[in-house]
Amino acid sequence: MELSRFPAYLAGRLVKAAIVVLAIVVCNFFLIHAAPGDPASIIAGQSGAADAKFLEQLRAQFGLDQPLYVQLWVYLKGVLTLDLGFSHRQQASVAALLWDRLPATLLLTGAAFLFAIVIGVTMGALAARRVGSWSDSVITVLALTFYATPLFWVGLMLVLLFSVTLEWLPSFGMMSVGVELSGFAWLLDIGKHLLLPALTLGLFYVAVYARLTRATMLEVADQDFVKTARAKGVPEGRILRRHVLRNAMLPVITFAGIQAGQLIGGSILVETVFAWPGIGRLAFEALLARDYQVLMGVFFCTSVMVVLFNLITDLLYAIVDPRVEVS
Amino acid sequence: MTRLLTVENLTVGLPAGADRPHAVEDVSLHLDAGEILCVVGESGSGKSITANTVMGLLPKGLPVKGGAITFEGEPLLGLSAEAMRSRRGRRMAMVFQEPMTALNPLMKVGDQIAEALAVHGKGAEAKARVPELLAAVNLPDPAAIARMHPFRLSGGQRQRVMIAMALALEPALLIADEPTTALDVTTQAQILRLIREIQQRRGMGVMFITHDFGVVAEIADRVAVMQRGRIVEQGTASEVLNAPRHPYTRTLISAVPHGRASDRAAIGPEPVLAMKGVTKTYQRGGWFGARAVVKAVHDADFTLNKGETLGLVGESGSGKSTLARCVVRLVEPEQGEILFHGANLRPLSRQGWLPYRKRIQMVFQDPYASLNPRRKVGDAITEGPVTHGVSPAEARQRALELLRLVKLDPSAMDRYPHEFSGGQRQRIGLARALAMQPELLIADEPVSALDVSVQAQVLDLLAEIRQRLGLTMLFITHDLRVAAQICDRIAVMQRGAIVELGPTAEVFGAPKHPYTRSLLDSIPGRGWTPPELAEIS
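Protein sequences, first through last, are from chains G and E. Under this note's numbering, the first sequence has 62 at position 4, and the numbering climbs by one with no breaks. Under this note's numbering, the second sequence has 1038 at position 47, and the numbering climbs by one with no breaks.
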C-alpha cells in the first residue's frame, strides 16, 4: 500500500461507513415501528390503569402521537448529536445506559475473541502440521464437536461442571456481590467470573478458526512458493511459520473481522445465561419491555461496531497483503 | 571437465492405481560442470520427477525404488533430510516453471533472496549481496526492486528474481524446470540468454527441463529424451536434433511446427468479417483514486476473406484475445464497426445478435476449463444446435458425424470430459464449435496448452477441416511457428494495435515493423531447421 494515498482512502471509507450507518438507523427505526405494541401500551398495562385517556397522555408525552416521519426526523437529529433518546422505563438516557453496559460486553467479547483466535489458530496449525496423524484427528473431532454444540447448552454444562459440581468458578454475574475488593484481588475476581462466559462464547469460534486455519494451511502448503522455499534449503519449521502460516492468515483475518463485528450482538444468549451485565442483556430486557429507544440504541451501537470492524479488517488486510491496492 | 552429477538406474514408483507402475524407470544420466543438459519430453514423461529426486523434493507418495544419485562425489540417496536441506540452495538450486506463483506473495523479493542466504548462515552478507544478485540477472534499479513485492513485477522480472535467488550461494548445479514456458517469446529469449551467460561465467552445470525443441536447439549441449518414465535417447544436441535415432524422438521432432507455409488455394476478395475502428478500453479506479485507462484494442482494422485463415499474433497483453472476443461479443467494444457480411454487429441487441451466434463460433485455449465437467460430451456438442431449433435426433446424428470428423470414437458421446486427454478435449471443443455449422471460426490459442505431438495432430485436423468445409478462420496464437504453418495472412499485434499485416511469407521473410523483427529474432532455436524425417508409421 502506498502511504501517500492512505488519508484519501480512509476519508472515502469513513464517508461510506457513515452513510451505511445512517441507512441502518433508518431501517431499524421502521422495523421497530412495524412491530405491534408500543411502550405506552406496555407501561399502561403494567400500571393497571389502561384507560384510553391515560394512553393518549403517555403517547403525547413520549411523542408517539406525532406522524412517523416527524418521529424519524426527531430521532435522526438526535443520533447525529449522539443523543439516542430517553428510556422512560429505566428513567435514564439511552446513551448513558449503553455507556454503562458497554465495558462489560467489550470485556466479555474481547476475551472470547482473543481466546478463539489464539486457541483456534494454534489448533489448526498443529493439525495441519501433523495432517493425518492421531493429533490431527483429535483436533478435527474436537473442533467439529464445538462447532455442532449449541452455545447455551455448552454454557449450562460448564456451569454444571465447574460451578455446581467442582465449585471452582462462579456461575453468574461479573463480580462477587457484597465484597469490597481492590487491586489484584478485584481483577482476579472479575477474571474468575469472566472465564466461563468467555469460554462459552469463544468455543464455537475456536472451532471455526481451527478448521479454517487447517484447511488454508494445507492449501497453501501445496503452493509453488513453498516448494521454492524448500528448494532454497529453508528448514521445515521456518517454512511453516514464515511462508505457510502467514499466507494462511489472510482468510482468518477476513473471518475475524466478521466475528468481531458480530460479537456485541452475538453475546445476548451468553449474557443471559450467565447474567452478565452487558449490552446483550440490556437488549433482551428492552425487547421484553418494548423499550423502543433502548432497542434502537443497541442496534445503533452494534451496527456501528460491525461497520467499524469491517473497516479495520480492510485496513489490516491492506497492511498484511501488499497486493491489496487502496484505490 | 569434472563430473558433477550422475544418476544411475533410478527408479521412482507411482502410487497404486496410476497408469503405470513407475514414474521414472531405470533412468541414467550424467552432467559435467559447465555443461547444459536438456531433458526433453512431453507432460507426464517423468522429467520433473527426475529433477525433484535429485533435489530431494519428491512428494511423499512417490518412493525411490532403486538406483543411485552421485553429486559432487557423494551419494545423495540415503542422506538425512537435514543433510539434503543443507545442500539445497547452497550446492544445488532450482528454478520453476510458474514465475507468477513461485514467489511468496507476502514477502518482498529482496527478503526472499536474503532468506536463501540466511538459512545457510550467510545472513550477514545479505544486505550487500541482494542488490548485487539482482544486478547480475540484469534487473534495472536493484535496490528498488529488492523492496518490491512480487505482484509488482512482470513474469520475466519474477523469473529473473528466481534465478537471482537460485544463484545466491553460487551452487554447482542449477536445475531449471521449464523456466521459460510461461513467458512471452521475447522474454523467453532474454531469460535463455541470461541462463547461458551465467552458466558460462560461473561454470555451473545446468539441468534444463523443457518440452520445446526450439529451446533445446537454443541452449543445450547435450540432450536426454524421456518417454513414459524412461530415457529413450541421449546424445549431443546436434546429434539428437539433426539425426534423431529413436522413433519417439523422430515423432517429436517431426511434430515441431516447421514454420513453412503450405500451398493453399488462392483467396478471392470476398470479405466475411471486417473490423473498422474497433476500440476497447478498460478503466480502473473510482471515487478517490486516480483513474487508470488501458487501451486494450485500438487501430486494429482488418478484413477476413472467405476461406481465409488470418493469424493474430502477439505477446500476452497485446490485445489479440480481446480483439477476437469483440467479434463474438464476449467483450463489448465502445467504438467501431464489426462488419459480418457487411452487417454491423456492434450496435445489435442481444436478440438481434442471436441469428449470428451460430454463424460465428469459437474454440478456446484451455481444453480442461472449456468443457462443463458434469455434461456428457454428446450433450455438450448437441446443446448449441438444439437451442437453435434443430431436432435432438438430428443434432445427435450430426454430433456422431462430427466426432468422426475430429477422429474420436462415437462412444465418446456418452462419456464425460474428464475421461479424455487434453488433445482429445480440444477436438471435442472443435466438434462443439463445428456443430453449429459456422461460417467463421475463431480459435483462441487452440493448441497452446497441448504437448507438441498432440499439437501437431490438432493443427493437421484444423487444416483438413478448413479445407473440407471451406471455413474462414481467425487464429490467435503467440507461437509464430504455428502461425506460419496454418495462416494465409498474419496480423502482428502490439499494445492493442496491429503493427503489421500481410501474407505469411512476406511477414516472415521481410518483416517491416521493428517489433515483428524482434519477435522473429526471439523464436527459440531459429537457427535450427527441424530435419525432414521420413514418415514413421
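Accuracy of the hints is not assured; some may be wrong.
Facing chain G, a subset of chain E residues (Cβ under 10 Å, in silico) [to be verified]: (1) ALA1084; (2) ARG1143; (3) ALA1440; (4) ASP1442.
Covered by chain G, according to a simulated footprint, are these stretches of chain E (three or more residues, beta-carbon under 8 Å) [claimed, not checked]: (5) 1145 to 1153; (6) 1416 to 1430.
No lab work stands behind these hints, which were simulated from the structure alone. Glycine residues also receive a C-beta, built at the ideal position from the N, C-alpha and C atoms.
Violating hint indices (sorted, rising): Violated hints (numbers, rising): 3, 4, 5 and 6; every other hint is consistent with the structure.
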